[in-house]
Amino acid sequence: MLKHVGKIDKQGRIELPEKMRKECGLVPETDVLIELKDDGIFIKPKLATTPITQRIAEMDLPVSDWKEMEKEIEEGHLK
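If you read the sequence shown in my numbering, its first letter stands for residue 1, the second for the next number, and so on.
Among the hints, a few may not be true.
[To be verified] In silico BS3-like pairs for lysine-lysine, Cα to Cα no more than 27 Å straight-line:
1. K46 - K67
2. K37 - K3
3. K7 - K67
4. K19 - K7
5. K67 - K3
6. K19 - K44
7. K3 - K22
8. K46 - K3
9. K7 - K71
10. K44 - K67
11. K44 - K71
12. K37 - K19
13. K37 - K67
14. K44 - K22
15. K10 - K22
16. K7 - K37
Just so you know, these hints were derived from the structure itself, not from any lab.
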């Protein structure tokens, strides 16, 4: 387990050591998810989510089902 004692600067930033960033796959401009839990703050890379249109396309649905799916999306039933 890697440990590091750091400081929060006046802008609220915390510098993460390079070895920790590499270990977690955090490269510059990586989106991170910051979670506050009972036992601490957790920072981890935010996983990319597949757009719903791509997920629907991968279902290989007939065209009639696409129209129903589009209607439900527009009505806010699917996200």
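Now the hints, each set against the structure:
1. A distance of roughly 32 Å separates the Cα atoms of K46 and K67; the hinted pair therefore is violated under the 27 Å criterion.
2. A C-alpha spacing of about 19 Å is found between K37 and K3, which places the hinted pair at or below 27 Å, so the restraint holds.
3. Distance check on the hinted pair: K7 and K67 sit about 54 Å apart at the alpha-carbon level, beyond 27 Å; violated.
4. A hinted pair counts as satisfied when its Cα atoms are at most 27 Å apart, and K19 with K7 qualifies at roughly 17 Å.
5. Distance hint between K67 and K3 is unfulfilled; the C-alpha atoms sit about 53 Å from each other, more than 27 Å.
6. Restraint check for K19 and K44: the C-alpha separation of about 15 Å stays at or below 27 Å, so the hint holds.
7. Distance restraint check for K3 and K22: the Cα-Cα separation of roughly 14 Å lies within the 27 Å cut-off, and the hinted pair is therefore satisfied.
8. This hinted pair checks out: K46 and K3 have alpha carbons roughly 22 Å apart, not beyond 27 Å.
9. With a C-alpha separation of about 51 Å, the suggested pairing of K7 with K71 is violated against the 27 Å cut-off.
10. Taking the CA atoms of K44 and K67, the gap is near 38 Å; set against the 27 Å cutoff, the hint is violated.
11. Distance hint between K44 and K71 is unfulfilled; the C-alpha atoms sit about 35 Å from each other, more than 27 Å.
12. Proximity of K37 to K19 is assessed by CA-CA distance (about 24 Å); at most 27 Å being required, the pair is judged to hold.
13. With a CA separation close to 42 Å, the supplied pair K37 and K67 exceeds the 27 Å bound.
14. Using a Cα cut-off of 27 Å, the hinted pair K44 and K22 holds, with the two alpha carbons roughly 12 Å apart.
15. Between K10 and K22 the alpha-carbon distance is near 25 Å, which keeps this suggested pair within the 27 Å criterion.
16. Only pairs whose Cα atoms come within 27 Å are accepted, and K7 paired with K37 is accepted, the gap being roughly 20 Å.
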